[in-house]
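Visitor: This is what each chain is made of:
Protein chains: 2
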Amino acid sequence: MSHPLRLGIAGLGTVGVGVIKIVMQHGDMLRARSGRDITISAVSARSKSKDRGVDLSNFDWEDDPVALATRDDVDVYVELMGGEDGPALASVKAALNAGKHVVTANKAMLAIHGQELAELAEFKGVNLRFEAAVAGGIPIIKSLTESLAGNKITRVMGVMNGTCNYILTRMETAGLPYDEVFEEANQLGYLEADPNLDVGGIDAAHKLVLLSSIAYGTQVDFASAQLQGIQRISIVDIKHAAEMGYRIKLLGVSQMTDAGLIQTMRPCLVPALSPLGLLEGGTNMVIVEGDSVGQIVLRGAGAGEGPTASAVFGDVMDIARGINIPVFGIPAAQLTKSTPADSSGESAYYMRLNLKDKAGAMASASSALADAGISIDKMTQHSSDDNVARVLIVTHPTTGETASKAAQAIENTGVLELPPVVLKIETV
Amino acid sequence: MSHPLRLGIAGLGTVGVGVIKIVMQHGDMLRARSGRDITISAVSARSKSKDRGVDLSNFDWEDDPVALATRDDVDVYVELMGGEDGPALASVKAALNAGKHVVTANKAMLAIHGQELAELAEFKGVNLRFEAAVAGGIPIIKSLTESLAGNKITRVMGVMNGTCNYILTRMETAGLPYDEVFEEANQLGYLEADPNLDVGGIDAAHKLVLLSSIAYGTQVDFASAQLQGIQRISIVDIKHAAEMGYRIKLLGVSQMTDAGLIQTMRPCLVPALSPLGLLEGGTNMVIVEGDSVGQIVLRGAGAGEGPTASAVFGDVMDIARGINIPVFGIPAAQLTKSTPADSSGESAYYMRLNLKDKAGAMASASSALADAGISIDKMTQHSSDDNVARVLIVTHPTTGETASKAAQAIENTGVLELPPVVLKIETV
Ligand SMILES: NC(=O)c1ccc[n+]([C@@H]2O[C@H](COP(=O)([O-])OP(=O)(O)OC[C@H]3O[C@@H](n4cnc5c(N)ncnc54)[C@H](OP(=O)(O)O)[C@@H]3O)[C@@H](O)[C@H]2O)c1
Ligand SMILES: NC(=O)c1ccc[n+]([C@@H]2O[C@H](COP(=O)([O-])OP(=O)(O)OC[C@H]3O[C@@H](n4cnc5c(N)ncnc54)[C@H](OP(=O)(O)O)[C@@H]3O)[C@@H](O)[C@H]2O)c1
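Protein chains in written order, with UniProt numbering: chain A, 1 to 428; chain B, 1 to 428.
I should point out that these hints are in silico values taken from the structure, not numbers from a laboratory.
Please note: incorrect hints may appear among the correct ones.
Pairs involving identical chains hold if they fit within one copy or between any two copies, as the list cannot separate such chains.
[Stated by the list, open to error] Here are the simulated EDC-like pairs of lysine to aspartate or glutamate, each with C-alpha atoms no more than 16 angstroms apart in a straight line:
no.: 1; residue 1: K21; residue 2: D291
no.: 2; residue 1: K152; residue 2: D28
no.: 3; residue 1: K48; residue 2: E116
no.: 4; residue 1: K378; residue 2: E243
no.: 5; residue 1: K50; residue 2: D63
no.: 6; residue 1: K378; residue 2: D55
no.: 7; residue 1: K405; residue 2: D179
Quantities reported herein were computed from a predicted structural model and do not represent experimental measurements.
If we strip away everything but chain A, and leave its shape as in the complex, we get (with noise of 0.2 angstroms):
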């Protein structure tokens, strides 16, 4: 039997307890299963005072996270308490510093510092690991790093924020609008304290440029993600998809193609009975295609106490095995720069246009959607209550580029009321 495998803990909100509640629980379980006893050095968190529902009176208390991933009586510093900077990045740069192994869920942290925190890992020869802070449960990073490891990845995709894709599925089984399921998520504490993280689609995008890394070799590259978040999404939308057998998914999509790499993370209709269609509430999904496998699709929870917990614990137990390998899959220092590249292939694409209700309008849209060679598969029309005339349309396909040209070019002629709405028909 090793000698014991000490934690220090800091961050005490919903994945802390969890990951406190499983070695508390499942001492004998963890100990058959590693071959040595996981134990609790020390915690810290803002407050220490707050009853969080688990007995903390064996554990050291830290009220600077610093000193405690520092501290001798640990070997594994496990970050949970989230941003991209301050705390977070000061603690966990001086665990590494320390040659203390760090687990964090913090992908916006991962998302910005991530090479830089790789490369010092690797340097002190310390394991970084961060499964959860991916999809949640699910455990995307450890098959994309390791049982797929004799694959070249050629695509990854996913649902990967569950907030997003709670709002999306109850705006259509209820027939809610937007601000209304947005008030209502906000109200059950779904979302960020900053929402926009949620519904901007950065909180995923951090996530997906974290799986291009492992899966392309690739430096994590954030700035040049395309994002673009659920705002925009009406009920209208959302009905005329699933009119048509689609739904509205908030999907990454992460691609190497010759012309570089390819990461978007924005609304798309999706075929409603495909694994990706049927995905509901804060349940997460992501896809990995790869040359020898094929395609997998990987689903679970992607948040919460347990599952976030969950996906730490895994972490803990590799280190706590012995296992090491690079952060990102190859060593960072080996992690080449990508080119941004722009979404390759032609779709078929949604635009929905709310047209002033003056005479032309109409005109003036479809010959701009002509000029820039756009063709229309299907149009339908509807004049709602407020005098504006909405126009829903699904082209041929045609690549992103036009489409997006397309939609700026009506939006230049004044006929709109209000911003057209372009989503991507992906064919999953």
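Following the hints, put chain B with the ligands in place on chain A, whose structure we already have.
Guide: Using the frame of chain A, we list chain B with the ligands on its own:
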């Protein structure tokens, strides 16, 4: 850079050739990911002269797999011949005894000899890995052993025989009887040399019992798995199930209860629009439930050159990276003997009774059901062209034991033309 990892591959069929292709095509990628060269020292199969579509001239040839397994220039013995005993078992033992790591796709061998082989591997301090043995390209072994190591696993379920799933979905989509689709599958080369391994549920049960061992820390116990094949499923069952919103799948369920370990592999009705219900053709799906993670669903190709070779290579890469954990997740010496238990809990059952066309047949059947304490939720009667009255029944929730006893009682009355078909309706 460490020294190369040198493979010896026995079996150059579908999977073996797939593995060789990965080594040949992806040398640079494998080196970047594992930090060392992966090479092939020697290979073995029955026929040296057969053209296998890959150039074998750079590898030594061994007629005898045991000789291959123990060569000085082999670090990892990759067993891809198949078969429960014979050369597979002999060569794997020889490899382990010689201190070589072993990677295999051979579920039949492991389901019977897994405990003995795991003990030997751990005694020798080498790896025995078998990701490819269960559900092809789906990373279920690693997910269960490593990613979910912080969970008490509560249930594992899966559709893990692509051939059966092909037959069942093809019967439904083409409206063809079992025998015809069976013949079709045979022509397509989908069936094992002994087709009963597939359609009898044996191959899928081999996989299920390996998952049980990891999930619950118990010794592999194939002998007490309860098996029922798909041979008696008729197109009538499939159609009737569809009308009620179900699909029939050969479903494996492994569950640890207070009474003991339940391991069943049998055709069941599952909701048509559930992930399991939507599974088409040769695709596999494994569902794992853990106390922290909730439910995780993994889907992918369960067989074929690429997917299976991908799984073999995941294991090879782990060995190249120096990962070595117990074969079934905890040391083999600590795996406990499980007590087999019958399916627990109540659920609805589907029954098909083919009654002899004689007076009182229905009355006898009904009273046998009533005597067994089974109440009927739905019943429809059809008379077929062959003078048999076909009665389709859905029961109110009852235990599996009661359902089987009732079916036996009906059979004992002598009113049945054919043995009854009794299928559990799974709520997944
Ligand atoms: N929640 C999920 O389902 C989920 C899923 C995947 C990933 N994650 C990630 O996991 C991390 C934690 O998420 P969470 O949901 O557990 O957050 P949370 O419930 O808001 O908890 C955050 C914890 O960090 C502590 N904290 C914040 N700033 C601190 C500081 N400056 N010094 C010391 N402690 C500080 C807080 O202390 P007080 O309690 O005293 O305020 C709190 O205990 C984040 O990176 C998040 O993105 C969460
Ligand atoms: N095929 C799949 O999709 C799949 C999926 C998962 C797991 N598996 C497992 O993977 C293993 C291999 O399957 P496979 O489909 O690749 O089988 P296969 O195509 O039938 O190939 C078997 C290979 O083993 C060789 N072989 C058989 N007996 C031998 C002996 N006594 N000595 C030396 N070589 C011998 C054969 O040699 P010859 O070619 O000279 O006859 C052949 O090359 C089996 O355990 C199977 O259950 C297969």
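Visitor: Which of the listed hints are broken here?
Guide: 3, 6, 7
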